[in-house]
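Use these hints to put chain P onto chain S, whose structure you have.
Protein sequence lines correspond, in order, to chains S and P. Residues 0 to 1028 in numbering that gives the first Met the number 0 are what the first sequence spells out, letter by letter. Residues 0 to 637 in numbering that gives the first Met the number 0 are what the second sequence spells out, letter by letter.
Calculated from the structure, these hints are not laboratory results. It cannot be assumed that every hint is accurate.
Unchecked claim - With a Cα cut of at most 20 Å, we get these calculated EDC-like pairs of lysine to aspartate or glutamate: (1) S:K309 x P:D158; (2) S:K323 x P:D18; (3) P:K82 x S:E502; (4) S:K309 x P:D424; (5) P:K79 x S:E502; (6) P:K82 x S:E495; (7) P:K174 x S:E482; (8) P:K236 x P:D218; (9) S:K65 x S:E7; (10) P:K79 x S:E505; (11) P:K82 x S:E505.
Claimed, not checked - Here are the simulated distance ranges between beta carbons: (12) S:G171 x P:E2: 36 to 46 Å; (13) P:Y115 x S:P967: 54 to 64 Å; (14) P:A100 x S:N399: 50 to 60 Å.
The structure presented is a predicted model; accordingly, all values stated were derived computationally and were not measured. Cβ coordinates follow ideal geometry from the N, Cα and C atoms, glycine included.
These are the residues of each chain, in order.
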Amino acid sequence: MRRLASVEEFNKFRDQISKKLSQREKKTQVKVHLGTCGISSGANKALAAFQREVERRKLADVAVLKAACIGLCDREPVVTIVHPTKGKTIYYDLSEDKVPKVVERHLIEGKIVDEWKLNLNDPSIKLQEIRVMHNQDLDPMSIEEYIARDGYQALAKSLIQMKPDDVIAEIGRAGLRGRGGAGFPTATKWTFVRNAQGDEKYVVCNGDEGDPGAYMNRAVLEGNPHSIVEGMAIGAYAIGNVRQGYAYVRAEYPLAIETLSHAINRAREYGLLGKNILGTGFEFDLDIFPGAGAFVCGEETALLISIEGKRGNPRQRPPFPANKGLFDKPTTLNNVETWSNVPQIIWKGAEWFSNVGTAASKGTKTLCLVGKVNNTGLVEVPLGTSLGKIVFDIGGGIPNGKKYKAVQIGGPSGGVIPIEHLNTPVDYEAVTALGAIMGSGGLVVMDEDSCMVDVAKFFLQFTRDESCGKCTPCRAGIPKMLELLTKITNGEGTMEDLGTLEELGEMVGSASICGLGQTAPNPVLTTLRHFREEYEAHIIDKKCPAVVCQPLFKAPCQHACPVGLDVPGYVALIKAGEFEKAYNLIMQRLPLPLSVGRVCHHPCEGKCRRAQIEDPIAIKHLKRFAADYAFDHGLEYIPQIKAKRKEKVVVIGAGPAGLSAAWDLAREGFQVTVFEALSVAGGMLAVGIPEYRLPKNILNREIETIKKLGVDIRLNSTIKDVESPLKDGYQAVFIATGAHQGDNIGIPGEDLSGVFDAIDFLREVNLGKDIEVGQKVAVVGGGNSAIDAARVALRQGAREVHILYRREKRDMPAIVEEIEAAEKEGILIHCLTAPIKIMGKNGNVKGVECIRMEPREFDRSGRKTPYQIKGSEYTVNVDTVIEATGQRPDTACLSRDGISLTKRGTIVADPRTLATGRKGVFAGGDVYTGAATVIEAIAAGQRAACSIRRYLQGEELTPLVERNGYEPIDVPSVMPTEEQLEEKHRLKIGEIPAADRITSFKEAVLPYSAKEAIEEASRCLRCDLEAGE
Amino acid sequence: MKEITLTINGKQVKGREGDTVLEICQANNIYVPTLCHSKGLTDVGACRMCVVEIERERRPVPACTYPARDGLVVQTHTEKLEKYRRLILELMFTERNHLCAQCVASGDCELQSLAYEYQMDNARYPYSWPALPLDSVNDYLVIDHNRCILCGRCIRTCDEIVGVHTLDFGHRGWKDMVVADLNQPLGTSSCISCGACFQACPTGAIFSKRSAYKGKRPDCQEITTFCPICGIGCAIKAFVKNDKVIRIDSPDPSRHDGLLCYMGRFGPLSQEHPRVKTPMIRNTQGKLQRCSMNEAIDMTARKLSQLKAQNGSSSIAGVASGQASSQSLKAFKELITGSLGSKFLDTLDGDQYRAVVKGIGAFQGKADLRAGTPLESIFDADCIFLAGADPFKSHPVAGSYIVRAVRQNKAKLITLDSTQNVLSDYTSVWLQPGKGKEASAVNNLARSINDKQVKEAGETGISQKKLTEAVKILGEAKRSIIVYGEGVLQRKSADLITALCNLAAACGGKPGILSLRANGNSRAAWDMGIANNSLSVTNSLTQVGVKGLYLLLADDYIDAKELSALPEGLDFLIVQTSYLSPLAQKANVVLPSPTWTEISGEYSTLDGTPILVSRLVQPPEGVRTDWETINEIAKRIK
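Chain S extracted, bound-state conformation (with noise of 0.2 Å):
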């Protein structure tokens, strides 16, 4: 090809290739986007297999042809078909044997295969702003399709039109700012370099990018090179003294290398680098520097040094690269996507570029979104855009159902943004505000299966080991900063330990040389300030809440277990046919499993490694099961009385914390009393869980069997304050109250009839009386209760139940089964939906009136605060509301006793060792918590037991909770078979038909046989044997 000798030429030969360009799209065009991850995802396979077809059906209206990636990387290989007249359809996930369908209906029957097409309308499309991959869609490899689309328009328009004043205040005028992290003006940087002293300076462009989950620059480098040849080529001109450019491109990016190779050998083909550019005697030429895979070499000065053929070590500034940089050299360094930014800004004018972004933060970033999200790969946003509505909008959330907890931003150089912060806008300054940096633009995103202590543990290991080591702080610090986390997650930490990493990060951060140093220590300090609790836990109670720091535990399952049950334990014998033994391994820990075992939120299942080969194992049910054993095959476990003491202990309330706090002391020998308001024992097992999620009778037999311990529980007897045990001769005292006062929504109406508390409500039924509802039942809340209320009225003859939620679905509190089973039984649940007035006639409830709501930004624990649609009301005629909207104790007159309360009116004690103000008493469960679970409760009778022991025994009050059992019980250590590794989904447990179960209290759950037990117990891969060994 001839070289563009002048800028006429060069418009003469763009109106050529633009017109056979137009040629071209009179076809229909099938576009295989082929990056680097949908070339390992099979792309060049697909579109062998298009031109395969297209040759064989003799397609002639079909060009088939090469793309750039559209970022969507988890669905890979991505072709989008664009028809002249209906426009373009994107097709994903699709892989080589699809193409023949898709070439068969779409091509030649001209219907869209709806199955793998994907939704242009969806968040994750609609909500981005495509500018510097604008040309995903052209083959990267074609000067011809970059120039017919305006490239080097820009190019010759600085060359011709503008000084290289203008091209710099241009720049200026747009707000462009460093893309490689800091953010630095780059027509300030470009300035100083035009104003330092030398006839020989250079331009360089970063693409290095080295953060772990970031691949943003490879991208543009793939997909748009030219946008990075002409951009280099104007900065050189805006520069002056400029006639070499380097791009440094990493060696771990081959296709980029090869492509923007290929970019710059076409444009010296075109005389568009070279000598006498466009004939207006410019002069620049360009060549790639491959860098040799050090993190490091992404710092300014140490790229420059390594493209000087040194170690890539960064020295100490000042000087700066713009008076001292190549070669000693006046030099401008950017990262790719500032450069690639460039070309647009001065064909399109500062005011195309800047009419996005926020008042600071101009144009638009390109993201990585990687980690526990459910679309990871590359978008495009404008800065300012709030994180929450990437990750939750863009990114679609987080995948099975896990809790969001917070975005790495920055890569190892940034911080830990957590959940409350979702709001934040992604711009340079309220990134930095947070502790974290921008970076080049990766959001490794966090579920609460991280921990992160333990990702910053990670961070820092990849910082270690890419300092270059020449500062003391850096080289010496990070190694020290780690080995202090790493004590930390062995469960070996001190809290001064704390303290020494932030003196430590602090220092690391303020005297280290380049940006490695200075930067290493965020991700520690961010999750120090962020998640401070995280370390505690780690450091004062040896658990890692997010069950992963090994050295904490023997499995994840026991370790997620608020009592720490030995499920592995039981599983095994269960799997050993052993069941009595498994019975009695559980009773070691939990003197109620066959509550338990029925009404448990299972957070052990939740962290589950079976779960990362299909399913958890079904815990829940297997501890049903071998409670239901002993049950059917009257067996009890009780164990011996450890000595008998003279020691007198009351226990306020005989819900699950009172009662296992008394089953503990009891064993311990303490004589203890229990003293219960209702007239029955269990609390809310009794009287707020249904019959049908858990037998009355079953329930009796547990609290049988804990007062054949010797624990006197006597019921009707209701104490109101702590004062008058301690007189008569008790030395110690648990207040477990529960929370057994429910909220009022606070709306005209709720005192018409008809309106019940959906606790009282349970709790009528609960003891037998009869309760009419009416035909028609509205529920309002999300929570347990809501849906124990709705089912309990289905049960009790309702005709119709509404559950109203005002919020989304997936913000429900309730456990997901439960909210399952409800909708099988034909509950209809409302959402985004509030009750705003009651409706009465005659005093009886008529109908509710309600407002649609509308998610907007997000609160604090993550999820999107309603708001009211005004002129959305509607009525819902409905004769009974059940109120299930939050639950507090009632512990007003616990006041006098010098026990605080907080404004929830829940008891304050130490969280540790659940002390109060008052010495001797003791406060857990439901009462201190606020409403929670069984299981919590459990282990907060078992923890305030442990303090009794301890405060009675004139011991210091721990925060460790004993955890021993009161025998041993052999386990088998067998490792599961090749066969159990196999894939195998979690046993189904049967259920009574929905139809048939509305109709009675009975148990609607039925249990495992004792064949399928073994079945299912078999599925586990023995964590506890791994860790042992």
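Below, chain P alone, put in the same frame as chain S:
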């Protein structure tokens, strides 16, 4: 340079533009702790001990790299900085295995001193206790990585001062190590054992086998003088404890001539050969037997007088080593030519001298080539023509000069050697003439430059291509220097010397010629005319009827092989020497010489500059200076 004013710790101080903040602090007696900084080396800001706070800088910056500007406001000792420094010290101590009690540098260690200064009574972090190797393969030096703080001073010294760049950092980050070449033991690397790294090391990570555990520098007497061994005349600072030299440093390693070599730095620290501590005479059984100084002198004088009387003055010859001090040489000349009246006086390298004199004499040009060319000229040169020399062996400091000129000043190096090119890494052209063709090759080169036309290389053995290259370089050079060494001298070829003179004349800018002579004080010996004999004494002793030979070897260790022809046909051999060499074993009288460290001696450098070398330690009891012994003999000659 422009004077600027800074505010440091609230005080106005002056400095010069271009200085670093540290330099200005030091010039104004404001103490800032440092570790990786060392005067004369490029500052890298690595250890971060010298971090200071400067107004408008976001972070503390190292004073050692920060260019001072007028009006800077600097704080050197804020609470924060002092905390950082202590933290950094704790990191340094816990990073590797610093056990002061067992350390060779304890009490003489910059790291330890700083730890005391910062009252580092404990470290808050656990020690990492890495398993690190120790490299003790080198004859003189040990690298103990356990004590290394990776300040890089050794590396920069090796690179910037010594010029050989043997040491560098290997690996990365927390696995960073000082390595030699591509990570091999120092002893098998390109290391020239000059020991500059040892002096540069602020801790005990690099230490000398010969100084280790012998004492701390602060406990020693310091004597600053010169080393007379090779004739370069490097300044040395000797540390003497209990009349023993325990360490030798360069008095100022930051100077470009602040270099030492293995001979000067380590030579005097140990005795490699058995010393002659008392005079000995051969007894009637033919065995050497200790005797008193008086007996030995008496016997020598008597025997010499006897030979002179019986066989005439010409039956006596005196040969001196170029290692002897000028006073000794002078006394020796007096004795041989004066008292004994013999014309047979020579130096051991007299043949080389005569070839040089003859060669220069045959040179037709005008340049005064006998005038001394200072070693420093190598630094100024843009082209170095190195003929028959192995400078890193014979004159390592000159080797450093050459390598630095090439690496740092971009000088071109042309090597002429028919067998080896020891500086091949730095050589632009290696001219490799055939054996015996050196002179014609150099003349051909000179003619080509003169005529600005490359001649046929012909039979010189040099390829036309290389000749063309060499002509181009030498022709374009503005400040060439010609350095020749033993390879040329040992050829004893006047033609080759003339050829080198011709070449010097052909090159522009009047290049000097530097001769790397084998003995440190040869220049003085030659200048004194000791080798002015037209005869080669050492080769023609028996022909001319010499019966008595007086060898003044001083502390030059000469084994019998080098002078195997000597003792044949002699009646009487006097060897005055420090060492009981095989040669001394053949003597009739052995007179003890002190070594150079035991006398205050005068010497001349390669370019003829006189230097006075101070005595460092006492000689063995009863051992006198050579000139005292010689004068005493002279007195008794009858």
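Now the hints, each set against the structure:
Only pairs whose Cα atoms come within 20 Å are accepted, and K309 of chain S paired with D158 of chain P is accepted, the gap being roughly 14 Å. At most 20 Å may separate the alpha-carbon atoms for a hinted pair to count; K323 of chain S and D18 of chain P meet this at roughly 17 Å. Between K82 of chain P and E502 of chain S the CA atoms are separated by roughly 9 Å; this keeps the pair inside 20 Å, and the hint holds. Among the hinted pairs, K309 of chain S with D424 of chain P is consistent with the structure: their alpha-carbon atoms are about 17 Å apart, no more than 20 Å.
Simply put, K79 of chain P and E502 of chain S have alpha-carbon atoms about 11 Å apart, close enough for the 20 Å limit, and the pair holds. Annotation: proposed proximity of K82 of chain P to E495 of chain S holds, straight-line Cα distance about 17 Å (limit 20 Å). Annotation: proposed proximity of K174 of chain P to E482 of chain S holds, straight-line Cα distance about 15 Å (limit 20 Å). Distance check on the hinted pair: K236 of chain P and D218 of chain P sit about 14 Å apart at the alpha-carbon level, within 20 Å; holds.
The suggested pairing of K65 of chain S with E7 of chain S is violated, with an alpha-carbon distance near 30 Å, which exceeds 20 Å. This hinted pair checks out: K79 of chain P and E505 of chain S have alpha carbons roughly 10 Å apart, not beyond 20 Å. Between K82 of chain P and E505 of chain S the CA atoms are separated by roughly 11 Å; this keeps the pair inside 20 Å, and the hint holds. For the pair G171 of chain S and E2 of chain P, the supplied restraint of 36 to 46 Å holds, since their beta-carbon distance comes to about 37 Å.
With their beta carbons about 56 Å apart, Y115 of chain P and P967 of chain S fall inside the hinted range of 54 to 64 Å. With their beta carbons about 58 Å apart, A100 of chain P and N399 of chain S fall inside the hinted range of 50 to 60 Å.
Hint 9 from the earlier list is the only one contradicted by this structure; the remaining hints agree with it.
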